Structure formats: C-alpha cells, structure tokens
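Based on the sequences and whatever the hints tell you, model everything.
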Amino acid sequence: MANDDKILEQVTNNEYKYGFYTDIETDKAPKGLNEDIIRMISQKKNEPEWMLEFRLDSYRKWLKMEEPEWAHIYHKPIEYQDIHYYAAPKKKKNPKGLDEVDPELLDTFNKLGISLEEQKRLTGVAVDAVMDSVSVKTTFQDTLQKHGIIFCSFSEAVQNHPELVRKHLGSVVPNNDNYFAALNSAVFTDGSFVYIPKGVRCPVELSTYFRINAANTGQFERTLIVGDEQSYVSYLEGCTAPMRDENQLHAAIVEIVALKDAEVKYSTVQNWYPGNENGEGGIYNFVTKRGLAKGHNSKISWTQVETGSAITWKYPSCVLLGDNSVGEFYSVAVTNNRQQADTGTKMIHIGKNTKSTIISKGISAGYSENSYRGLVKMTKNAHNSRNFSQCDSLLLGDKCGAHTWPYIKAQNTSSVVEHEATTSKISDDQLFYCNQRGIDTENAIGLIVNGYAKEVLNKLPMEFAVEAQKLLSISLEGSVG
Amino acid sequence: METNTLDISLKDRMISLFEDKKDQIFKNDIKPVSALRNEAFEAFTKMGFPHTKMEKWRSTSLEETLAKDYNFRIEGAPRQTNVEKIFECEIPDFDTYMVAQLNGWYVYRKAPLRTLPNGTIVGSLAQAMQEYPELISKHYGKYADYNENGLTALNTAFAQDGIFIYVPDGVEVEKPLQMVNIIDSDENLFIQSRNLVIMGKNSKLTLLQCDDSVHHRYTFLNALTEVYVDENSTLDHYKLQNKDDSSTLINNVYLHQEANSNVTTNAITLNGGLIRNDTHVTLNGRNCTANVYGLYLVDREQHVDNHVFIDHATPDSYSNEQFKGILDDSSSAVFNGHILVRKDSQHTNAYQNNKNILLTDKATVDTQPFLEIYADDVKCSHGATVGQLDQQAMFYIRSRGISKENARMLLMYAFTAEVVNKISIENLRERIDDMVKKRLRGELSICDQCVLHCNHPEKELKFNIDMTKI
Numbered sequence: 121m122a123n124d125d126k127i128l129e130q131v132t133n134n135e136y137k138y139g140f141y142t143d144i145e146t147d148k149a150p151k152g153l154n155e156d157i158i159r160m161i162s163q164k165k166n167e168p169e170w171m172l173e174f175r176l177d178s179y180r181k182w183l184k185m186e187e188p189e190w191a192h193i194y195h196k197p198i199e200y201q202d203i204h205y206y207a208a209p210k211k212k213k214n215p216k217g218l219d220e221v222d223p224e225l226l227d228t229f230n231k232l233g234i235s236l237e238e239q240k241r242l243t244g245v246a247v248d249a250v251m252d253s254v255s256v257k258t259t260f261q262d263t264l265q266k267h268g269i270i271f272c273s274f275s276e277a278v279q280n281h282p283e284l285v286r287k288h289l290g291s292v293v294p295n296n297d298n299y300f301a302a303l304n305s306a307v308f309t310d311g312s313f314v315y316i317p318k319g320v321r322c323p324v325e326l327s328t329y330f331r332i333n334a335a336n337t338g339q340f341e342r343t344l345i346v347g348d349e350q351s352y353v354s355y356l357e358g359c360t361a362p363m364r365d366e367n368q369l370h371a372a373i374v375e376i377v378a379l380k381d382a383e384v385k386y387s388t389v390q391n392w393y394p395g396n397e398n399g400e401g402g403i404y405n406f407v408t409k410r411g412l413a414k415g416h417n418s419k420i421s422w423t424q425v426e427t428g429s430a431i432t433w434k435y436p437s438c439v440l441l442g443d444n445s446v447g448e449f450y451s452v453a454v455t456n457n458r459q460q461a462d463t464g465t466k467m468i469h470i471g472k473n474t475k476s477t478i479i480s481k482g483i484s485a486g487y488s489e490n491s492y493r494g495l496v497k498m499t500k501n502a503h504n505s506r507n508f509s510q511c512d513s514l515l516l517g518d519k520c521g522a523h524t525w526p527y528i529k530a531q532n533t534s535s536v537v538e539h540e541a542t543t544s545k546i547s548d549d550q551l552f553y554c555n556q557r558g559i560d561t562e563n564a565i566g567l568i569v570n571g572y573a574k575e576v577l578n579k580l581p582m583e584f585a586v587e588a589q590k591l592l593s594i595s596l597e598g599s600v601g
Numbered sequence: 017m018e019t020n021t022l023d024i025s026l027k028d029r030m031i032s033l034f035e036d037k038k039d040q041i042f043k044n045d046i047k048p049v050s051a052l053r054n055e056a057f058e059a060f061t062k063m064g065f066p067h068t069k070m071e072k073w074r075s076t077s078l079e080e081t082l083a084k085d086y087n088f089r090i091e092g093a094p095r096q097t098n099v100e101k102i103f104e105c106e107i108p109d110f111d112t113y114m115v116a117q118l119n120g121w122y123v124y125r126k127a128p129l130r131t132l133p134n135g136t137i138v139g140s141l142a143q144a145m146q147e148y149p150e151l152i153s154k155h156y157g158k159y160a161d162y163n164e165n166g167l168t169a170l171n172t173a174f175a176q177d178g179i180f181i182y183v184p185d186g187v188e189v190e191k192p193l194q195m196v197n198i199i200d201s202d203e204n205l206f207i208q209s210r211n212l213v214i215m216g217k218n219s220k221l222t223l224l225q226c227d228d229s230v231h232h233r234y235t236f237l238n239a240l241t242e243v244y245v246d247e248n249s250t251l252d253h254y255k256l257q258n259k260d261d262s263s264t265l266i267n268n269v270y271l272h273q274e275a276n277s278n279v280t281t282n283a284i285t286l287n288g289g290l291i292r293n294d295t296h297v298t299l300n301g302r303n304c305t306a307n308v309y310g311l312y313l314v315d316r317e318q319h320v321d322n323h324v325f326i327d328h329a330t331p332d333s334y335s336n337e338q339f340k341g342i343l344d345d346s347s348s349a350v351f352n353g354h355i356l357v358r359k360d361s362q363h364t365n366a367y368q369n370n371k372n373i374l375l376t377d378k379a380t381v382d383t384q385p386f387l388e389i390y391a392d393d394v395k396c397s398h399g400a401t402v403g404q405l406d407q408q409a410m411f412y413i414r415s416r417g418i419s420k421e422n423a424r425m426l427l428m429y430a431f432t433a434e435v436v437n438k439i440s441i442e443n444l445r446e447r448i449d450d451m452v453k454k455r456l457r458g459e460l461s462i463c464d465q466c467v468l469h470c471n472h473p474e475k476e477l478k479f480n481i482d483m484t485k486i
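Chains A and B, in that order, give the protein sequences. Its first residue numbered 121, the first sequence is counted upward by one per residue in this note's numbering. Its first residue numbered 17, the second sequence is counted upward by one per residue in this note's numbering.
FYI, nobody ran anything at the bench for these hints, they're computed from the structure. Certain hints may be false.
Stated by the list, open to error - In silico BS3-like cross-links for lysine-lysine, where the CA-CA straight-line distance does not exceed 25 Å:
1) K500(A) / K378(B)
2) K395(B) / K545(A)
3) K84(B) / K62(B)
4) K184(A) / K196(A)
5) K196(A) / K359(B)
6) K165(A) / K181(A)
7) K184(A) / K69(B)
8) K466(A) / K69(B)
9) K519(A) / K395(B)
10) K529(A) / K69(B)
11) K475(A) / K378(B)
12) K72(B) / K529(A)
13) K472(A) / K500(A)
14) K164(A) / K151(A)
15) K72(B) / K500(A)
Predicted, not measured: the structure shown is a model, and the values here were computed from it.
Here it is, written out as structure tokens:
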C-alpha cells in the first residue's frame, strides 16, 4: 500500500504541461457586465441589429434566472461582475495568410502542438484556433470552399452568412435554456460556425482549438454546426488554459442541427487546467451542448474525453425529433486531485423508431468527485424507440467519490429503456494476474484503465485517439491503489 | 420560492391549528416528546409541504390533494371497541397478533397496552409514553429527521397516537404482528399517525402493516414508522396497501439497523389514489443485511411513488433493492432508489433494480436509480428497465399453442413472481399470489373495486382486507 501511496503522490505532482501563458497584447473590455458592455461587444464585432437584440434579450433573461444548484459540485460563488467579458489578442485586421498572423500567436499554438502552418495539412485536419474567445485563424479554407463547406469563425459567419446564422442560432439551445446558456448568449464573443451543404461528405476532419490566455477573463464561445440533408461531418474540439491561481469561467454553447439523413460526429478532448493538488485555480467549465436530430434518419454522436477543468458541468444532449434518428453519447471522464465533474447526457426521444446509446465511463482518483447525470425520456409518440445506457465508475483510491444519477421517463408502451451501471475498483486479482506475467503495477493499471475506456476511445477519430490515450495515461499515471 | 395559494392556506391552517389546540396536542406528552414537537413545528413552519420544485418530489405532486378541504381530529384518545367489528382479515388460517388504528387513534378490546406472554409489549403509543417513558425518550424521533422533509416535521409536530411495539432482548415473536390502519370516516380527514417499533438484541419479529380505507371520502394519511433493530435481530416487514382511489397515503418508514441485523421489507401496492412510500434504511453496524422489495400493480389514475434511501454508514454490509411494477390505464409510478456509501464503508455490496411494464401509452414511469459512493472497495450496481413483455418469450409460448391472452398473463405473472416469492409467510404469499393473478386477469370489474357496495345495499358495510375488492 505504501508503494501505491508513493505512486499516487507522483501523479499529484504531475505538471500540467499546457500551463504557460503568452504575454501578448490583449484588447480587454472593463470588468463587469451590463447592457453597455454587451453593446460594446456587439459594436466591436460590427454586428447587425438582430444580433444585438438577441444578446440584450438573453441578458435580460439571465438577470431573472438563478444559478443552478442541483449539480453535485461545490464552489465558491462566482463574482460575475469581476470578469472581463471581452478579451482579444490584438491583431492586424483580417490576416490573409499565415505571414500576417502575429508570430507570438503562432508560437503559442505551435507550443500547444497545434500547428497552424502549412505542414499541418498533411494530417488532414482543418483547424479553427480560438484564443480568449476570438478566432485567430482558420486553416484549410480553400479545400473546404471547393465543396461549398462553410467553416469559419462565428463573427465572420455573422458578417458573411447572416441568414444561416439567424435561422439556426438559438434554435437548439434557446437563450433562456439555463443560467449559463443565457449568460453565453448575452456575451459570447466568437466561436466556430460550420455549414455542410446538401449531399456533401466533408473530406477532412474539422477542428477547433480553444485556448484561454488572458487573466481574469471568462471564455464564452459558441459553436454552431449545421449539417444539411445527406451530409456528413466529423468535428473535433480541444482545449487548454494557463495555470493560474484564480478560477476562470468557461461557459460555452455548442448547437448542432442535423437535417434529413445527415450525420454529425462531435468529439471533444477536454484538457483545461484542472487546478493544483489543493484544488486552487482551474477552469470552471459550465457548458451547454445539444444536438437536434431534426430530419428523418439523422444521426448525432457525441464523444468526449474529459480530463481537465476544476469543475465540469456539461451534458451533451440529443433531441431525437426526426423518425429513425439516432443519438449516441460516449464519454470517459477522469477526475483527479480535487477535480469535480458532473457530466452526462440527455436523450429526448420524440420521433418514431429513434435509437440512443449511452456509454459513460467515469474514473475518479485522489479527492475528486465524479458524477454521471443523465436523462432518457421517451415521449408519447416515440413509438418503438430504444435506449441502452451503461454507466460504469472506477474508483482509484478511497477518498474519491463516484456517483450515478440516471433519470428515466417513459411515456409509451412500445419503447424499451435499459440502464445498467456498476461501480468497482481495479481488483487485486487483475493486478496479480498482470504482475505475475511480469507487468509492473503501474503499467498494469495503465493497461486495465485503457481497456476499461477502450469502448469509448475507439469512437474517437484516429487523429484524436492517440492523443486521448496518452492524455489518459498522464492524468492517471500510477494513481491506483 | 413559489408556493401556491392553496398550499399556503392548508399550511396556515395547520399552523393555526397547532397554536389553537396546543393543550390537546401536548396533553399526553412526556418532556422530550414535547420538545421535539416544538422543534418540528418550527421546521414545518419554515419548510411547508413538499412541492414539485424539490428534487425528491419532482414527479409526485401533492398540489391537488392538498387543495382538498380536510378536517382534523385532534381531540381523541385511544378507545375501546371490538376490533373484529371494523376489520376482518380474510386470509385463511392466518394467525396473527392484531393491533389496529382507526382514523389515527389506537383501538383495543381489552387494554390500550398489553404484554404478550413472551414479554413483548404491544399497544397505543400515547399510552406507552406514560408507562415506558425511558424507552420512548431513548428512541422516539431519533431516526426520523424532521429537518429533511416537511411531512416528517408535520407528523412529529402533530402525531399523538399510533402503535408501539417493544420486543425485549432474546425474544422471538412466533406469530406475525399485524398492524392495521383503517380510515373510516364520513368527512374528509387529514390524519397523522406515528408508530414506534423497538427490537432488542437477538430478537425476531414479523410485522405486517395493512393500510385500508372505507368510504369514498378524501383522506390524507401521513404515517410515520420508526423501527430500531438492535444487534443480531431479524425483522420481516410487509406493507400491504389497498386504499380507495380518493385517498392519499404518505408512508415514511425509518429503519435503523445495528450490527449483524437482518431486515427484509416488502411493499405491495395493489390499489390507492396517491401513495408515496419513503423507506430510509440506516445500516449502522457491520454485517447488516437490508432487503427492500416492492411490487406495484396500478391502473386508472393511481399514482405510486417509492423512494428508498439506503445509507451504508459502516463497512461490510449488504443491501438489495428490487422493485417491480405493472402499469395500466393512465396510472403513473415513480421509483427513486438512492444508495449512499459513506467514506470508509468498505466492502459494501449494494444492488438496486427497478423493472416496469407499461400496458398503455397513457401510463408513465419515472425511475431514478441513484448511486452515491465515497469508498473504493465496494461492489455496487443498479439497473432499471422500462418496456413491454419480452417478445421472444411471447413467441416461444405462443409457438407451443398457448393463446396470446394466456401467454401475456403467464409472462406478467412470472414478472411479478420474483417479488411475490420473497414473501416468507406462506399464507400471506399464497393470498397475494392469488390476488395478483386475479388482478392480472382483470376479473375484478370496476364495480367490485368500489367499497360503497351500492349494488348490495342489504349487505352490511364491512371492510376487510379481502383484496378481491380492488
């Protein structure tokens, strides 16, 4: 046991390697939130009148709402007036090529391993880099344009494709959906916009990389993905933040609309700064993600690997409106030290013959709390619908917690809902088996955890799977007793 | 927080009632009970009735039932009557010690508190307060936390009588003890009833709680039972619920188990307007076993809500929850199982399972099997399913020449058998088995379900546990 403790200690001392920050000139709005700040953000982004109205409407709704308290998380009250709601790296206007992008910025992303340069094309991933809520650069534009795919920053989309944005903005996550969604709708500064035209299968993986850099800021970005009929897209999201002692708020919204026969696959590897071993600092990640499977036979798939952020409050959901539509949720959530995660999904079955699958794997270590919270709802008309949920928790250490809060609501006779969950630890038998075959304890644990998470990791696009696997072993290195 | 006006009015009525009738309410109290009453009243004043904005009451709304105009019977006392006259148990050859409550007050034939030959004390709680104050002050109100639930607070503040059972150390009560709670009133009634069961070390008891009601009046029974099970004791507990459709029953049971004790509790709901069973089990010693089972067969607009909270406060214990339900018409059911494994409660095994069959598109089920775990060396699992009968099994049976209707019946019967078979009293099991069969066959017409007997006015109005009447 003593040996195990030592290993555990090593892990807690494991440095967060993305914890640096770039000293770059930023353009910040004064601290605090009021209608003037919102007007200022809107003006800075040169937004049309309806966008400003949307923001102000959201703000007024937000004022009347209360911060949700039902999640199994604890944190000091957030001072909403003590945050800069706008921070942007100062940049030259509209960089045409990479030469015009601030070299400091490029350096930052290179350091993060997200190369915005030409050679990145070899890997075949188009990247939209967002720093402090502002899109820095989107690569691969030419190829995408050939197919008529729109992949750009949200601000550009508002300027260039206002009709598409206006049609879909808030159609999946209304601006009064919840407290953090309302806040985001009022102050969001940028994000990514994707439109895949009818019948197009997106030839490359689309990716957005989020980076919080400036201090005392909140990051509020917004992603909107529209898959037109018979289209397909696979979208990746990654994120990091510097190590700071204070907690930073990240309240984002992701909306996905899938029309008839469309398929959207959304993968996240979340690696925000989780705070130090005493639970100081780190990102509060309060995110609303929802997909609307609007057309018949559409499919939305969420895959997430959660290792970062001090607190995660996130429920990527699917509203299965079209007949025969499919929703999937695959998640691995790892918490260590004092991290807290309350994450899961909602599957709302409305159309006939809709199917959903939920596979959630929670791994908790140290003093962390890891909760799965999910809702499966079969409405009256969702005839012959099917759900299967499996939520497993793995406890590594006796000071952590693993919780499951599934909600099932069934309102018709022809649907079948199944939920299974288990909580366990790595058994001595398994370890003994590995040891006996010459695998040391630490590697054996890595092996077992990876095997445990494999079901989900397999769902990630190849480019991400390798990274995720590495991330998993770093987050948990030897933390097993 | 929003509260509707009707809630306020009933709440206010309760508050002024408490202040007006203080003398009556406190009349029989011993000191600790009075103190508890005042504290609980404070708590109720703050909390009020539960409402659907509360996590634990999301799916069960009391709004409608609280809006009814109720009367209260504060001025009463345990009274002498012929128990057999108001209640007749129709289970053949079912020999029990029977104790009864009528409209919340204890009724008896000979004495309000009697001592059985083996030393077991059974009788009125109000009387027990006078005769055994030390037992009462040691256990009363110690397991039911009034800060947690407005209805528990209300009960603690108002309840004056109920059933008291004390099984001394080393005593095995050979016959089942049958607690009957009958409501027979020609006016709408709001009743608080409070039971206290204390089991000494190495004791054994089988307890059967029957809830019945006569008359189609709106009644609200807020019953609370505290059970203390000391080391090495075994308790078999059954709840049979067979109430009319206009009644509301809140059944709060707080079970406190010490080391090596073994409790099995089984809630069988056959009929009832709105039924809420809250079972709290605290495993406060090593090697405890708690089996919590339930079966609900509901139809029309009935609503059954089973909340089970199992607190694994110490290591090495075992708990198992198994709830099954069949829902017909526009009925609705809620299951909320919450297993809490506290820090250092290692080697806990906890299982939870809820299975439901919906027979119509109007019936709804909400199921929430929660696990909250703070220890790592545990085995916990939970499962929940909602669906219809297994099509493959159906095909198998039908391919052997059994009609669709019979096949359906067979499968439903098999579905319920898992819970029914857990009943260890043979007579009772057979009776319930029979009941379930009849219920599933739909042999009982709507008119039979009515307790008014308007088809047979010549028949004397008599209510009994004969479950064919549901």
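So, going through the hints one by one against the coordinates:
1. K500(A) / K378(B): Measuring from Cα to Cα gives roughly 8 Å; hence the hint holds.
2. K395(B) / K545(A): This hinted pair holds, its Cα atoms lying about 8 Å apart.
3. K84(B) / K62(B): Within the cut-off at roughly 22 Å; holds.
4. K184(A) / K196(A): Roughly 21 Å between the alpha carbons, so the hint for K184(A) and K196(A) holds.
5. K196(A) / K359(B): holds (23 Å)
6. K165(A) / K181(A): OK: K165(A) and K181(A) at ~22 Å, within 25 Å.
7. K184(A) / K69(B): holds (17 Å)
8. K466(A) / K69(B): Holds. K466(A) to K69(B) sits at ~20 Å (cutoff 25 Å).
9. K519(A) / K395(B): holds (16 Å)
10. K529(A) / K69(B): holds (17 Å)
11. K475(A) / K378(B): Status holds; Cα separation ~21 Å.
12. K72(B) / K529(A): holds (15 Å)
13. K472(A) / K500(A): holds (10 Å)
14. K164(A) / K151(A): Judged against 25 Å, a Cα distance of about 16 Å means the pair holds.
15. K72(B) / K500(A): holds (24 Å)
Violation of the numbered hints given earlier is absent; every hint is satisfied by the structure.
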